[in-house]
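**Q** Chain residues, written in single-letter form:
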Amino acid sequence: MIDILSKRYFYFAFSLLVILPGLVLLSIGGLPLSIDFTGGSLLEVQFEAGKTPETAELVNLYEDAGIDDAQITSTDTGSLMIRSSFLTNEVRDSILTTMREKTASEVTVVRFDSVGPSIGKQVASRAALAVAVAALAVIIYITAAFRKVPNAFRYGICAVIAMVHDVAVVFSIAGIGAMFFDWQIDALFLTALLTVIGFSVQDKVVVFDRIRENSNLLRKLEYEKLVNHSIVQTLQRSINTQLMTVEFLLLALALFGGITLQEFSVILLVGLFSGTYSSIFVAAPILVLWEKREWTTWFKRKEETAI
Amino acid sequence: MIRNLTTRIILIVLILILALWVDFSSEINVINPVTDETLFTHDLAPRLGLDLQGGLQVLLEADVPAETEIDSAQMEIAREIVQQRTDALGVNENVIQVAGDRRIVGEFPGLEDTESVLEIIQQTGLLEFVDTGDVAPEEGSTILTDFNAASTATAEGTTPEDTVYHTIMTGAELESVAVSTDTLGTSYVINFVLTSDGAEIFADHTAANTKKFLTIVLDKQVISSPVINEPISGGQGSISGNFTYESANAFAIQLRYGSLPIPLKIVETRIIGPTLGADSLNKSLMAGLIGMVIVALFMIIYYRMPGVVAVLSILIYAATAFAVFKWFHFTLTLPGIAGFLLSTGAALDANILIFERMKEELRNGRNISQTVDQGWSRAWPSIRDSNLSAIITSLILFWFGSTFGATIVKGFSLTLALGVLISLFTAIYVTRTLLVIFLKSFKFDNLERWFGI
Numbered sequence: 001m002i003d004i005l006s007k008r009y010f011y012f013a014f015s016l017l018v019i020l021p022g023l024v025l026l027s028i029g030g031l032p033l034s035i036d037f038t039g040g041s042l043l044e045v046q047f048e049a050g051k052t053p054e055t056a057e058l059v060n061l062y063e064d065a066g067i068d069d070a071q072i073t074s075t076d077t078g079s080l081m082i083r084s085s086f087l088t089n090e091v092r093d094s095i096l097t098t099m100r101e102k103t104a105s106e107v108t109v110v111r112f113d114s115v116g117p118s119i120g121k122q123v124a125s126r127a128a129l130a131v132a133v134a135a136l137a138v139i140i141y142i143t144a145a146f147r148k149v150p151n152a153f154r155y156g157i158c159a160v161i162a163m164v165h166d167v168a169v170v171f172s173i174a175g176i177g178a179m180f181f182d183w184q185i186d187a188l189f190l191t192a193l194l195t196v197i198g199f200s201v202q203d204k205v206v207v208f209d210r211i212r213e214n215s216n217l218l219r220k221l222e223y224e225k226l227v228n229h230s231i232v233q234t235l236q237r238s239i240n241t242q243l244m245t246v247e248f249l250l251l252a253l254a255l256f257g258g259i260t261l262q263e264f265s266v267i268l269l270v271g272l273f274s275g276t277y278s279s280i281f282v283a284a285p286i287l288v289l290w291e292k293r294e295w296t297t298w299f300k301r302k303e304e305t306a307i
Numbered sequence: 001m002i003r004n005l006t007t008r009i010i011l012i013v014l015i016l017i018l019a020l021w022v023d024f025s026s027e028i029n030v031i032n033p034v035t036d037e038t039l040f041t042h043d044l045a046p047r048l049g050l051d052l053q054g055g056l057q058v059l060l061e062a063d064v065p066a067e068t069e070i071d072s073a074q075m076e077i078a079r080e081i082v083q084q085r086t087d088a089l090g091v092n093e094n095v096i097q098v099a100g101d102r103r104i105v106g107e108f109p110g111l112e113d114t115e116s117v118l119e120i121i122q123q124t125g126l127l128e129f130v131d132t133g134d135v136a137p138e139e140g141s142t143i144l145t146d147f148n149a150a151s152t153a154t155a156e157g158t159t160p161e162d163t164v165y166h167t168i169m170t171g172a173e174l175e176s177v178a179v180s181t182d183t184l185g186t187s188y189v190i191n192f193v194l195t196s197d198g199a200e201i202f203a204d205h206t207a208a209n210t211k212k213f214l215t216i217v218l219d220k221q222v223i224s225s226p227v228i229n230e231p232i233s234g235g236q237g238s239i240s241g242n243f244t245y246e247s248a249n250a251f252a253i254q255l256r257y258g259s260l261p262i263p264l265k266i267v268e269t270r271i272i273g274p275t276l277g278a279d280s281l282n283k284s285l286m287a288g289l290i291g292m293v294i295v296a297l298f299m300i301i302y303y304r305m306p307g308v309v310a311v312l313s314i315l316i317y318a319a320t321a322f323a324v325f326k327w328f329h330f331t332l333t334l335p336g337i338a339g340f341l342l343s344t345g346a347a348l349d350a351n352i353l354i355f356e357r358m359k360e361e362l363r364n365g366r367n368i369s370q371t372v373d374q375g376w377s378r379a380w381p382s383i384r385d386s387n388l389s390a391i392i393t394s395l396i397l398f399w400f401g402s403t404f405g406a407t408i409v410k411g412f413s414l415t416l417a418l419g420v421l422i423s424l425f426t427a428i429y430v431t432r433t434l435l436v437i438f439l440k441s442f443k444f445d446n447l448e449r450w451f452g453i
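These protein sequence lines are chains A and B, in that order.
For the first sequence, the numbering used here gives the first residue as 1, with consecutive numbering after it.
For the second sequence, the numbering used here gives the first residue as 1, with consecutive numbering after it.
One chain only, chain A, in its complex shape:
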């Protein structure tokens, strides 16, 4: 039988290698929060061919309307994306009218999002609450489901540690995406994040359930071997469910699903993969580490498992 667990410190190092770069990028560039959480406006407009005005011209136009923080980027389709602080509908209308007059072009509003500053703050705090409630619900649920196993709450805690790992991976991806593809953390990102949390737990439960079952069947087996045995038994399912089905569906969505869902499906893709990975290579090893109280012998262990 494959020995997965003995290389556990190698997996921990690998996870850090994935998580750290993105988090470093995030800490340098700051959290790329969208107007969903900060409040503000996003106006995407399309001009007639050849009549798209200069960026400076539009910035001036915004300044005339009393908005002095307009930032303009052009998109692949040739439209202009203007981000600014909160615009009321009256200000937006007057800006659009001036735009039409100055450019002598028909101006089509492709998209307009405007979120008041107070509502953004409330959404952000409610989002944090939602994630916290989800984590708490998970600990309670798993502890209850595994109540007949010795040290039931360890399973709950390990599931949450692995969940934090998955959340960190998702944020790391968001950090990389923000740096290279101008991604933003918006309501849809939050949806993806909570889904990753849900499915991450689902995955832990499948592995833990096997440990639960085996601990009744194979009472005499050493704990590390028991867990390793359980992982190997569920490995085929993990590969088939995650790689072959869910990831394929999401990959199709990311590749062919159009721009709107791209960021969403890439985050789900990576996050759900991380969820499966962390059940095998994070949650289960930590269970063993905890059982053996390995922190007492950490320095010795490191020498043994040096890569």
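I should point out that these hints are in silico values taken from the structure, not numbers from a laboratory.
Computed from a predicted model, the values in this text were never measured in an experiment.
Treat the hints with care, since some could be wrong.
[Stated by the list, open to error] Chain A is faced by these chain B residues, among others (derived, beta-carbon under 8 angstroms): (1) 300; (2) 302; (3) 382; (4) 402.
[To be verified] Cut-off 25 angstroms, straight-line C-alpha distance, at most; resulting in silico cross-link-like pairs (SDA-like, lysine to any residue): (5) 359/B <-> 235/A; (6) 283/B <-> 108/A; (7) 265/B <-> 127/A.
[Stated by the list, open to error] Covered stretches of chain B, as calculated for chain A (at least 3 residues, CB under 8 angstroms): (8) 167-173; (9) 292-299; (10) 340-348; (11) 351-364; (12) 392-398.
Backbone N, C-alpha and C define an ideal beta-carbon position, used for all residues, glycine too.
Based on the hints, put chain B in the right spot on chain A.
**A** Positioned in the frame of chain A, the structure of chain B alone reads:
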């Protein structure tokens, strides 16, 4: 393997027929064959979300200090008023919902002319009956009143003297309003009926202030300043003036729908151009289809005979889930499609868990009947526990989405949660039944090969 196979088959076929019926019709009509009466009818027209067909979404918030408690009944009245007001615009399929305890979300799919809707919602103001004594303020001018003094700070262009008039009652006391012609049939009058509270206030006021002006203001703006001709005691009265049919109706609408119990302000506006949506819908559906075909091929190649069964069972799942979504008028959104695909993944996961278990049992030398029984009974706890955790997080997501009228988040979590529930049924019930049918109708001599071991 299964005791009541016939009952199971009948039930599954029944569900499938019902699901397909719903899937492929735009309206369900059940007609009594004897009397030709319509017994039951249910509209099934699919509803596309704003991200797919473009449109306008606004989030309105009660414009009162944050610590003020808001009565949920008043919120519901405000919602109804916004609904009626915007219905009168002739916009199709507008949906107005209360979101959380102090917000209302309005959606206007396919709407191009966003300005008029925004205008009419914002205009949906507070109607007041104001005692202006001997003065008849000019129509269209703005006056100050003592009702809800906090919000009057924003009123512009007040009367020169800045007199604060007393508000006798608000539009909330109006029970009904109707337009009719006067006794001569030459000019129009507006008849109104007051609530019992309103009738009392009105009777006292009109008795004490006959021949004085009673000014009607909407959002502090004067609509009309009729003179009180005589005391009105029965809670019924009429307003006469030089009304044409149109102006009388317009006035009646303002009276009827202008009485918001709570002032509202727009805190969020989202406009999605129609071109963005249509493109995304086709692409996402195509992507979903491609993904499904690849996954189906994988299942069949890897799991052989059970794989075929799983694909059939997933098709039944898709038909059932789609029918349920259609029946309950789920709005189809892009994240909703993603949620549906993910729940299909969960449905497949249940099948895979069972099949992997069955393979183990077969390798351990059990016969086929034991294999099927063990495969299901052993996989069940982990299927149940793992899916429950997905449902719990979906519910938390749904709660989050509904407090802020984030319909996209709501759509995703609802399709995911319901999809996972339905997938539990198909994995446990349908897959097993189909597998037993397959095993009984074909005699497989080399089970290992058929199970892909």
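**Q** Run every hint past the structure and note whether it holds.
**A** Against the structure, the hints:
{"no.": "1", "hint": "300", "result": "violated (12 angstroms)"}
{"no.": "2", "hint": "302", "result": "holds (7 angstroms)"}
{"no.": "3", "hint": "382", "result": "holds (4 angstroms)"}
{"no.": "4", "hint": "402", "result": "violated (11 angstroms)"}
{"no.": "5", "hint": "359/B <-> 235/A", "result": "holds (14 angstroms)"}
{"no.": "6", "hint": "283/B <-> 108/A", "result": "holds (23 angstroms)"}
{"no.": "7", "hint": "265/B <-> 127/A", "result": "holds (23 angstroms)"}
{"no.": "8", "hint": "167-173", "result": "violated (count 0)"}
{"no.": "9", "hint": "292-299", "result": "holds (count 5)"}
{"no.": "10", "hint": "340-348", "result": "holds (count 6)"}
{"no.": "11", "hint": "351-364", "result": "holds (count 4)"}
{"no.": "12", "hint": "392-398", "result": "holds (count 5)"}
In terms of the numbered hints stated before, the structure departs from hints 1, 4 and 8, listed from lowest to highest.
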